[in-house]
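Engineer: Going down the list, the protein sequences come from chains A and B.
Sequential numbering from 1 applies to the first sequence in this note's numbering.
Sequential numbering from 505 applies to the second sequence in this note's numbering.
Among these hints, one or two may not hold up.
[What the hints assert, rightly or not] Covered stretches of chain B (in silico footprint by chain A; criterion: 3 or more residues with CB under 8 Å from a CB of chain A, positions within the stretch not fixed):
(1) 558 to 570
(2) 739 to 751
(3) 815 to 828
It should be emphasised that the hints constitute simulated quantities derived from the structure, not laboratory data.
Quick reminder that beta carbons are idealized off the backbone N, C-alpha and C, glycines included.
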Amino acid sequence: MSLITISRGTYSGGHELAQKLAELLGWQYVSREQLADEARRCGVPVDLLEEAIHRPPRSQEEVAQERLAYLACIRVQLCDKILEGGVVYDGHAGHMLLSGVPNILRVRVVADLDFRTHVVMHTMGKSYREARDYISHVDIDRDRWSRFLYNVDWRDLFYYDVLVNISQTGINHALDRVSEMAGGQEFQFGEAARSSLRNLRLASFAHYRLLHDDRTRQLSLHLSAHNGVVSVVGKPQDAELMPAVRDVLDAVEGIDEVRISLANGVIVFLQDRFKRDEASLQDVCTLAERSDNAVRILRLAGPDATPGAEFFDATTSHEEEAGIEVHDLVHPEPPDGKSIETGDDLGDCAAKLQDNCRSAGVGTFYGSADWLLSHLEATRTASMVVLGDLFLNRSVTVRARLRDQLARRFSYRLHVPIVTTEEISQKVRFTSLDAVKLVLLTVLATTVSMIVVLHQQDLAVLLEKHLTVGLKFGSSVLVIGVTMIFAWLWGTVVKIVLKLIRFE
Amino acid sequence: MLAESFIDIDLITAIRVIMLGFVGGVLSGFIGIGGAFFMTPGMMNLGVPGIIAVGSNLAQRFGKAMMGAGKHRELGHVDRKLGLYMLISALVGIRLAVWLNTSLYSKESGSAGGSAASDLYISLIYVGVLVVVAIGMLKDVASKDGRGPSTKLAEMLSHLRLPPVIYFPTADIRVSFWLVAAVGLLTGFLAGAIGAGGFVGVPAMIYAFGVPTVVAAGTQLFLAVFMAAGGAFAYAWDGMVDLRLALLLLAGSLAGVYFGTYGTRILKERVMRLITGLIILLCVISRAIEIPVYLSKLDYWRLSGGTESLLSWLSHAVLYTGGVAGMVIILGAVLKSYRRRRAVQELMKK
Numbered sequence: 001m002s003l004i005t006i007s008r009g010t011y012s013g014g015h016e017l018a019q020k021l022a023e024l025l026g027w028q029y030v031s032r033e034q035l036a037d038e039a040r041r042c043g044v045p046v047d048l049l050e051e052a053i054h055r056p057p058r059s060q061e062e063v064a065q066e067r068l069a070y071l072a073c074i075r076v077q078l079c080d081k082i083l084e085g086g087v088v089y090d091g092h093a094g095h096m097l098l099s100g101v102p103n104i105l106r107v108r109v110v111a112d113l114d115f116r117t118h119v120v121m122h123t124m125g126k127s128y129r130e131a132r133d134y135i136s137h138v139d140i141d142r143d144r145w146s147r148f149l150y151n152v153d154w155r156d157l158f159y160y161d162v163l164v165n166i167s168q169t170g171i172n173h174a175l176d177r178v179s180e181m182a183g184g185q186e187f188q189f190g191e192a193a194r195s196s197l198r199n200l201r202l203a204s205f206a207h208y209r210l211l212h213d214d215r216t217r218q219l220s221l222h223l224s225a226h227n228g229v230v231s232v233v234g235k236p237q238d239a240e241l242m243p244a245v246r247d248v249l250d251a252v253e254g255i256d257e258v259r260i261s262l263a264n265g266v267i268v269f270l271q272d273r274f275k276r277d278e279a280s281l282q283d284v285c286t287l288a289e290r291s292d293n294a295v296r297i298l299r300l301a302g303p304d305a306t307p308g309a310e311f312f313d314a315t316t317s318h319e320e321e322a323g324i325e326v327h328d329l330v331h332p333e334p335p336d337g338k339s340i341e342t343g344d345d346l347g348d349c350a351a352k353l354q355d356n357c358r359s360a361g362v363g364t365f366y367g368s369a370d371w372l373l374s375h376l377e378a379t380r381t382a383s384m385v386v387l388g389d390l391f392l393n394r395s396v397t398v399r400a401r402l403r404d405q406l407a408r409r410f411s412y413r414l415h416v417p418i419v420t421t422e423e424i425s426q427k428v429r430f431t432s433l434d435a436v437k438l439v440l441l442t443v444l445a446t447t448v449s450m451i452v453v454l455h456q457q458d459l460a461v462l463l464e465k466h467l468t469v470g471l472k473f474g475s476s477v478l479v480i481g482v483t484m485i486f487a488w489l490w491g492t493v494v495k496i497v498l499k500l501i502r503f504e
Numbered sequence: 505m506l507a508e509s510f511i512d513i514d515l516i517t518a519i520r521v522i523m524l525g526f527v528g529g530v531l532s533g534f535i536g537i538g539g540a541f542f543m544t545p546g547m548m549n550l551g552v553p554g555i556i557a558v559g560s561n562l563a564q565r566f567g568k569a570m571m572g573a574g575k576h577r578e579l580g581h582v583d584r585k586l587g588l589y590m591l592i593s594a595l596v597g598i599r600l601a602v603w604l605n606t607s608l609y610s611k612e613s614g615s616a617g618g619s620a621a622s623d624l625y626i627s628l629i630y631v632g633v634l635v636v637v638a639i640g641m642l643k644d645v646a647s648k649d650g651r652g653p654s655t656k657l658a659e660m661l662s663h664l665r666l667p668p669v670i671y672f673p674t675a676d677i678r679v680s681f682w683l684v685a686a687v688g689l690l691t692g693f694l695a696g697a698i699g700a701g702g703f704v705g706v707p708a709m710i711y712a713f714g715v716p717t718v719v720a721a722g723t724q725l726f727l728a729v730f731m732a733a734g735g736a737f738a739y740a741w742d743g744m745v746d747l748r749l750a751l752l753l754l755a756g757s758l759a760g761v762y763f764g765t766y767g768t769r770i771l772k773e774r775v776m777r778l779i780t781g782l783i784i785l786l787c788v789i790s791r792a793i794e795i796p797v798y799l800s801k802l803d804y805w806r807l808s809g810g811t812e813s814l815l816s817w818l819s820h821a822v823l824y825t826g827g828v829a830g831m832v833i834i835l836g837a838v839l840k841s842y843r844r845r846r847a848v849q850e851l852m853k854k
């Protein structure tokens, strides 16, 4: 069981390479067009989606459910084909379709524009200019399609393991090199990949069924699966329809348990190790409750530099598991649900979240921060990211610096709040410092108010229309300055009071 | 005796202004714009000249926007380049609105009509703009597909490619400079005239420019800080800001805005539009009722003193009914939804 994804521009030789590769390896050839045709047969309005990419972003939101149905449908089909054996997928950004599944060989095929132009002229009988225009239009459409579906720039070379320039290497040489790479240990699906694939398939299939049921098709849901347990996060305003969600999912084969939470978003909580009783988890739960979010716990176990990596090294070799790696608890857990090697109790943490109806699932991420970023960008799940205790095998100073760098990168790319557990504890816990601030700022705000109230006459004289520019300027600055100071004082007092009464 | 343009503020008036700010804050947090549509006429009903009400409201808007803009900037929801281009033309629009308003006020201040001409001018713009917004929202609620307001005009404008065409990186769009300048000018003019520019700015950015919703909201809030500051400064320059009113409004609105925002997380969009549309419509009706009173003061229409008092009372009643009922509906719905959600969550656990 293995997967090679070929991402390519039109007439760059990628299509031919994919077909020959499948033939050479004896694997199944699957193209985007095949999956799209099957989606059409399943009732997904693919043509409507293809047309939507030419509309402005606001109008694209109108087909959000159809987009999800399409993705769920083709994910299930692709997962099924991979579970049967090796697959060569011919389409752009196919690996984003299986975002989170490790051990995929991701190939980007390019060719010089002149090479592509001549192929188009020869194959389609177009003039040089027409061929150029044709290539340009198709490339733009593909770019829009990938952004629409996965929210990524598929041309970014960072997403690939290997770049092949067909106009330089020729098809046969490329075929040899890619097939040789595909035989490498790091591109064979291990238990981690298989488990990840099964979880992804189950979550996608469950979502697909929900999107095809009249009672639940319009619901905005976030689904994740882990070893037969499906976690669903629905919007609070759709609370009445959640029993229907349970009904639909109860009928889906392969689901052992359905966990439903109501929330407006998902907080992704990243940490190297989790413990049920740690204060930071409680703080995140409190924040989630106050801000109407569910929590997805993601344990980081990158291939380098983290304690997770040490655990990783102890159980499997880098050669066996390198590459992208998000998967849900792929390592066997002892019967009590605790992973002894890491001191984690993810199972207990998941139960704790579920007790509060705040669970958006648990999982482990094996890979670099960049891959995690790509995964979060593509899945668009996080409404907030919480960075907990990370880089635990580094010194305290280095740990703080690395986490700060990580926060900046996440903030730049994800456009959602990136907060640390310390910031959350400051936000949700009412401390003695807050009490002091509350008293002090209330006194100051009251003083400003009293000055204004007790000196109405003087103030009116100061503020009324003046004849000199100096006085006009002075009174204008007074208005802006006093408003600014009072807004800050009173705004902060209100925030602290809301924190005290646990209203966020 | 206070200056000619300022009202006396006793304890009862102060509490009424704070409540006005609180209700305005709840509505503002709920709708996502300044809340001037309620606070400005509310102050006018308390006897504050329209021009002072607009100026004071802009000052409180500045304080409130300042407290909220930072988060959007941190999240990268602000297209600063777009904000800057719009701000330049918006400041021109504000200056124009302030000049018009103060000219009208200056012309007849001291005459029998008092601030009637300026009040009439503000009320007419207010009714003209907000009646379109309210009807648009209610029409949208009534439509079966629920696909939002008609965007034909905006889509037509979005095809306008009059050079120079400028690229805005955060929003990732290309728009004609003239279109941006025109929208900025109109937004600024409305902000300066009635203190409510967001009704034009946000929809224009989304539908005519193609800016993503979240960036449009962030950029508008970024703009609101400077526009409100510019507007408040311009009005204060002419002595038309009552700092006492601004602070009292802020005291109420900074607390109310949180409750309104909470409402948006609970209620369905369709219900939100319905409530918002009805509240705005009631505010518009309240202002429209006052128009004959201003016309009478300017001797364009003869009304007896009793009729004027009756109309003013009716205007008060409609405005406060709308605002308070809206607030009660929002807070009640928040509470009801919260309880229902807890009940369903309990059910989920079983």
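Engineer: Determine for every hint whether it applies to the structure shown.
Structural biologist: Against the structure, the hints come out as follows:
no.	hint	result
1	558 to 570	holds (count 6)
2	739 to 751	holds (count 11)
3	815 to 828	violated (count 0)
In terms of the numbered hints stated before, the structure departs from hint 3 and from no other.
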